[in-house]
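K.L.:
Okay, here's what each chain looks like letter by letter:
There are 2 protein chains.
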Amino acid sequence: MRTTVQKYGGTSVADVPAMRRVADWVAHSHHEGNPTVVVVSARGGETDQLLRLAGEVNPDRPPREVDQLLATGECAAAALLAMAVRRLGVPAHSLSGPRAGILASGRHGAGVIAAVDTTEIRHRLADGDVVVVAGFQGLNAAGDVITLGRGGSDTTAVALAAELSAARCEIYTDVPGVLTADPRVVPNARVLPGVDPNVMAEMAFAGARVLHSRAVELAAMERVEVHVRSSFMPGAGTVISGRAVEEMLETRNSIVAVAHDLDVARVLVRTATSGRDPAPEVLAVLAAHTVPVDLVARSGPQEDEFRIGFTIRRSDVDEVLTPLREAVAPLDGRVRVDAHVGKVSVIGMGLLNRPECTARMLAALATAGIPTSWVSISQLRTSAIVPRDRVVEAVSLLHETFGLAGAVPSMATV
Amino acid sequence: MRTTVQKYGGTSVADVPAMRRVADWVAHSHHEGNPTVVVVSARGGETDQLLRLAGEVNPDRPPREVDQLLATGECAAAALLAMAVRRLGVPAHSLSGPRAGILASGRHGAGVIAAVDTTEIRHRLADGDVVVVAGFQGLNAAGDVITLGRGGSDTTAVALAAELSAARCEIYTDVPGVLTADPRVVPNARVLPGVDPNVMAEMAFAGARVLHSRAVELAAMERVEVHVRSSFMPGAGTVISGRAVEEMLETRNSIVAVAHDLDVARVLVRTATSGRDPAPEVLAVLAAHTVPVDLVARSGPQEDEFRIGFTIRRSDVDEVLTPLREAVAPLDGRVRVDAHVGKVSVIGMGLLNRPECTARMLAALATAGIPTSWVSISQLRTSAIVPRDRVVEAVSLLHETFGLAGAVPSMATV
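Going down the list, the protein sequences come from chains A and B.
Per our numbering, the first sequence starts with residue 1, numbered consecutively.
Per our numbering, the second sequence starts with residue 1, numbered consecutively.
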């Protein structure tokens with residue numbers, strides 16, 4: 001049998017009854033004869049509570065110590081889940097991320113997995129154990145625990161699935177799968193049975209919270225088949241794989257979902273007098289701080305003025321604003337940040353060949369009086385920056401415009 | 001400057017104000033120019049809460065997973081305390097027990113420190129950092145975290161002080177020092193300014209909760225000077241060192257304290273028919289389970305009957321009862337356990353040369369109608385087993401009998 005990797009999020013292990021339900025599922029996989037590796041997040045609310053406590057102790061929240069603190073949450077959840085599984089007579093063994101061979105690099109709070117050494121896991125699986133791995137964490141070159149940033153546990157699961165050549169990576173969460181839009185915003189949003197990994201990566205980057213973009217990118221790169229399902233209700237969920245989508249040709253060349261993101265800030269850098277392009281300095285700063293960037297647009301020189309505009313996460317602004325200002329000061333550059341914005345995106349395939357999708361999107365927003373400042377088009381996604389307080393309205397409008405609530409994937413929408 | 005090791009218990013870091021107070025003291029040691037290593041327990045109540053949760057998830061509480069779970073408590077406290085220290089502008093760096101080089105062996109839940117590799121700590125101290133180490137835990141040969149059992153954080157602190165040749169090891173707790181008796185039982189119990197390490201080890205073993213016996217033994221063996229002080233109120237506390245006691249000759253050859261222990265069970269093993277001595281088998285079982293033993297008495301053969309009686313912790317009974325029964329079954333042995341007992345001890349030096357101490361103790365108990373079953377005398381301690389519900393009365397009585405409440409150490413008591 002090929003190994004199965006399952007990942008359970010914080011809400012799936014939030015309390016003892018939830019943990020017991022998860023243990024049943026893990027035991028079921030084990031009894032089917034699958035060598036089973038489980039990746040688990042901290043119990044729901046635990047990470048926030050630890051972060052709150054850290055802020056009370058030290059408002060600066062020193063990143064290295066915050067990582068040592070937060071990592072305890074996943075370790076505790078892994079130990080508890082292993083106990084719950086053992087209670088069912090199934091041998092289970094918890095491992096911290098470092099102990100499980102997750103090696104990571106990058107800055108504290110935003111680590112990226114650099115390598116995976118599965119020696120210890122394989123050893124445990126060979127003994128017949130279920131292995132429960134603390135997600136969201138790895139060991140860096142300094143020998144410290146480093147956390148993997150948002151969606152880190154998903155990435156842990158996919159990386160392990162890739163390295164163990166697992167049959168599949170099952171991500172259990174609190175929604176029934178990948179939806180055509182956020183169901184809290186669009187009540188009639190629909191579960192997509194299959195999504196292309198590249199499309200999924202775009203959705204995730206555009207704000208779909210179900211799976212983190214880095215996890216999806218890794219899955220696409222390593223050809224790991226990811227199943228997204230609810231740990232609370234039965235259902236087939238969503239299969240993310242190139243193969244799944246080939247079997248559903250009707251989903252190609254159409255808009256499949258609307259995504260939105262409120263964790264967005266718009267940054268504009270201008271050098272009006274020096275006549276020098278700030279882009280290399282700006283991008284170097286963002287790279288040095290491992291800050292992901294979107295909607296990058298550079299213009300100039302126009303009357304000696306260069307401009308580079310882009311969006312980053314609101315939560316990354318504090319991290320990079322001072323370094324950015326320092327980097328462009330020698331060029332007489334000015335940095336302006338606007339956090340009163342949100343990002344709305346439509347997701348599909350082949351959008352560059354089909355500009356009518358973007359046209360239809362912009363027309364619908366304009367008709368509704370929703371101003372769009374920056375717009376960016378790629379083969380898989382068209383995104384627009386809109387005022388923060390119009391985002392929800394824009395998502396509902398576009399979900400309806402592209403007929404996504406229909407019972408079957410909608411070919412006729414564009 | 002020589003290194004200072006400080007240890008703070010769970011009540012000293014129970015909440016944010018307590019943690020800030022501790023941080024002030026740590027910063028003070030750093031500013032005095034001492035390379036400072038801090039050992040910290042889990043926040044007060046955290047360990048109990050995790051244990052409760054473990055019991056809900058799996059009533060068997062599988063020991064290996066319980067250790068992985070409990071160890072997170074000290075790691076979290078260490079990270080939080082490091083943050084609190086950094087807030088004062090003092091560089092601080094938290095390390096888990098394994099990361100700090102604490103290597104341990106033994107069974108889960110009752111590990112013993114086997115070796116200490118201080119490379120990482122010395123490296124951090126050389127950088128000018130305060131190093132905050134998670135107590136109560138080490139790394140075993142299997143690569144797992146193992147917890148050190150009761151008083152484990154004290155032992156961590158003393159082991160680090162020994163290995164770092166620290167000037168002293170300061171143990172901060174919720175009582176003002178080592179007292180002549182438990183102040184909850186004897187309100188006029190007095191702080192002892194100095195105690196001989198061997199006397200202290202006997203006191204700890206006899207039930208004085210302020211410091212664990214293993215920590216004291218290690219301190220005596222490695223000649224580490226231990227200072228016990230309150231982290232809540234000012235005061236000189238108690239110095240535990242041979243040197244300290246030499247300077248206070250009046251404390252020699254007298255009873256210095258009364259200790260008691262309610263975590264006691266009396267075990268009697270008899271082999272009436274086989275004519276074979278069960279002692280080697282019995283002691284081998286206790287050793288195999290790392291269970292400490294006290295008041296060992298062996299008798300026989302008398303009409304073919306051998307007996308061995310001893311006390312162990314009540315909390316260890318479940319661990320060893322079945323193995324004991326199995327070990328002595330081939331000898332026709334019978335094992336009887338009585339948990340309705342407690343242990344009362346008077347502590348002093350040279351007691352074997354001064355049997356009048358023991359005589360006075362037994363006379364006082366007899367006069368008060370408190371029955372004593374087993375009695376054991378050593379050079380540093382006389383202990384008696386009394387009914388569990390008479391322990392408190394016996395402690396008060398003996399504290400008064402030996403005049404321990406006096407303002408100065410009482411030479412005239414015996």
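Check each hint, because a few of them may be wrong.
To be verified - Simulated restraints, written as ranges between beta carbons of each label pair: (1) A:Met233 x B:Met233: 23 to 31 angstroms; (2) B:Val185 x A:Ser230: 32 to 40 angstroms; (3) B:Pro234 x A:Pro387: 32 to 40 angstroms; (4) A:Ser230 x B:Pro330: 44 to 52 angstroms; (5) A:Pro234 x B:Pro292: 48 to 56 angstroms; (6) B:Arg388 x A:Met233: 24 to 32 angstroms; (7) B:Pro330 x A:Pro234: 52 to 60 angstroms; (8) B:Pro91 x A:Pro17: 56 to 64 angstroms; (9) B:Pro234 x A:Pro330: 34 to 42 angstroms; (10) A:Ala288 x B:Ser315: 33 to 41 angstroms; (11) B:Ala142 x A:Ala142: 19 to 27 angstroms; (12) B:Pro91 x A:Pro234: 51 to 59 angstroms; (13) A:Leu321 x B:Ala167: 57 to 65 angstroms; (14) A:Asp24 x B:Pro292: 48 to 56 angstroms.
To be verified - Stretch-level coverage of chain B by chain A, calculated; a stretch enters the list once three of its residues show a Cβ under 8 angstroms from a Cβ in chain A: (15) 90-99; (16) 210-220; (17) 324-332.
Stated by the list, open to error - Covered stretches of chain A, going by a simulated chain B footprint (3 or more residues, C-beta under 8 angstroms): (18) 46-55; (19) 60-66; (20) 227-235; (21) 285-297.
Read the hints as simulated data drawn from the structure, not as lab findings.
It should be emphasised that the depicted structure is a prediction, and the values quoted were computed from it without experimental measurement.
C-beta atoms are modelled at their ideal positions from N, C-alpha and C, and glycine is treated no differently.
K.L.:
Work down the list of hints and note, for each, if the structure agrees.
P.N.:
Do the hints match the structure? See the list:
1. A:Met233 x B:Met233: 23 to 31 angstroms: violated (56 angstroms)
2. B:Val185 x A:Ser230: 32 to 40 angstroms: Cβ of valine 185 of chain B to Cβ of serine 230 of chain A: about 56 angstroms, so the range 32 to 40 angstroms is violated.
3. B:Pro234 x A:Pro387: 32 to 40 angstroms: Violated, since proline 234 of chain B and proline 387 of chain A (Cβ atoms, about 59 angstroms apart) do not stay within the stated range.
4. A:Ser230 x B:Pro330: 44 to 52 angstroms: violated (57 angstroms)
5. A:Pro234 x B:Pro292: 48 to 56 angstroms: Taking Cβ atoms as reference, proline 234 of chain A and proline 292 of chain B lie about 53 angstroms apart, which means the hint holds.
6. B:Arg388 x A:Met233: 24 to 32 angstroms: violated (53 angstroms)
7. B:Pro330 x A:Pro234: 52 to 60 angstroms: The hint (52 to 60 angstroms, Cβ to Cβ) holds, given that proline 330 of chain B and proline 234 of chain A are roughly 56 angstroms apart.
8. B:Pro91 x A:Pro17: 56 to 64 angstroms: violated (44 angstroms)
9. B:Pro234 x A:Pro330: 34 to 42 angstroms: The hint (34 to 42 angstroms, Cβ to Cβ) is violated, given that proline 234 of chain B and proline 330 of chain A are roughly 55 angstroms apart.
10. A:Ala288 x B:Ser315: 33 to 41 angstroms: violated (54 angstroms)
11. B:Ala142 x A:Ala142: 19 to 27 angstroms: holds (24 angstroms)
12. B:Pro91 x A:Pro234: 51 to 59 angstroms: holds (53 angstroms)
13. A:Leu321 x B:Ala167: 57 to 65 angstroms: For leucine 321 of chain A and alanine 167 of chain B the Cβ distance comes to about 45 angstroms; the hint is violated.
14. A:Asp24 x B:Pro292: 48 to 56 angstroms: violated (40 angstroms)
15. 90-99: holds (count 5)
16. 210-220: Since three or more residues must qualify, the claim that chain A covers the stretch 210-220 of chain B is violated, with 0 doing so at under 8 angstroms.
17. 324-332: It is violated, with 0 qualifying residues against the three required.
18. 46-55: With 3 residues close enough to chain B, the hint holds.
19. 60-66: Since three or more residues must qualify, the claim that chain B covers the stretch 60-66 of chain A holds, with 6 doing so at under 8 angstroms.
20. 227-235: violated (count 0)
21. 285-297: Result for this restraint: violated, n = 0.
Going down the numbered hints, you'll see the structure goes against 1, 2, 3, 4, 6, 8, 9, 10, 13, 14, 16, 17, 20, 21, while the others check out.
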